[in-house]
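Put together the whole structure using the sequences plus the hints.
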Amino acid sequence: MRGGFIQMLKKRKELIPLIGFVGCAALGATTAPIYFLFTKPDVILNKTRNPEPWEKLDPSKPQKISSPWQPQLKLWKSDLMTNSQILKRSEECCV
Numbered sequence: 000m001r002g003g004f005i006q007m008l009k010k011r012k013e014l015i016p017l018i019g020f021v022g023c024a025a026l027g028a029t030t031a032p033i034y035f036l037f038t039k040p041d042v043i044l045n046k047t048r049n050p051e052p053w054e055k056l057d058p059s060k061p062q063k064i065s066s067p068w069q070p071q072l073k074l075w076k077s078d079l080m081t082n083s084q085i086l087k088r089s090e091e092c093c094v
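One point on numbering: in numbering that gives the first Met the number 0, the residue at position 8 of the sequence shown is 7, and numbering is uninterrupted.
Treat the hints as calculated values from the structure; they're not laboratory data.
Positions of the beta carbon are idealized from the N, C-alpha and C atoms, including for glycine.
You may find that some hints are simply not true.
[Claimed, not checked] Label-pair distances were calculated between CB atoms; the ranges are:
hint: 1; residue 1: Thr47; residue 2: Lys12; range: 48 to 58 Å
hint: 2; residue 1: Leu56; residue 2: Gln6; range: 50 to 60 Å
hint: 3; residue 1: Lys60; residue 2: Met7; range: 46 to 56 Å
hint: 4; residue 1: Ile15; residue 2: Ile43; range: 32 to 42 Å
Here's what the structure looks like:
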């Protein structure tokens with residue numbers, strides 16, 4: 000049974016990308032929680048030792064990184080205004 004896995008990969012080369020993708024997914028699935036555990040203040044494991052972790056947060060430091068909808072809504076509204084202005088101008092030219 001020595002080298003059975005390697006021999007199988009040599010025989011069935013179509014499995015190499017599948018094993019690579021599954022390995023990358025498994026690596027990401029294990030490293031992401033570890034990263035969040037050590038870097039994010041709202042992730043806790045022991046609630047008895049730290050029952051209210053939000054009390055340790057600095058209020059002067061912003062916690063929300065981005066608000067993706069607000070700039071898009073502003074762009075959407077400005078885009079609507081420019082489109083309506085273009086339509087008005089095209090109607091004036093054609094009349």
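Hints and how they fare:
1. In this structure the hint that Thr47 and Lys12 lie 48 to 58 Å apart at CB holds, the actual value being about 53 Å.
2. For Leu56 and Gln6, the hinted distance range of 50 to 60 Å is satisfied, since their beta carbons lie about 55 Å from each other.
3. Range check, Lys60 to Met7: about 52 Å between beta-carbon atoms, so the 46 to 56 Å window is met.
4. A C-beta distance of roughly 40 Å is found between Ile15 and Ile43, which places it inside the suggested range of 32 to 42 Å.
In this structure, every one of the numbered hints holds.
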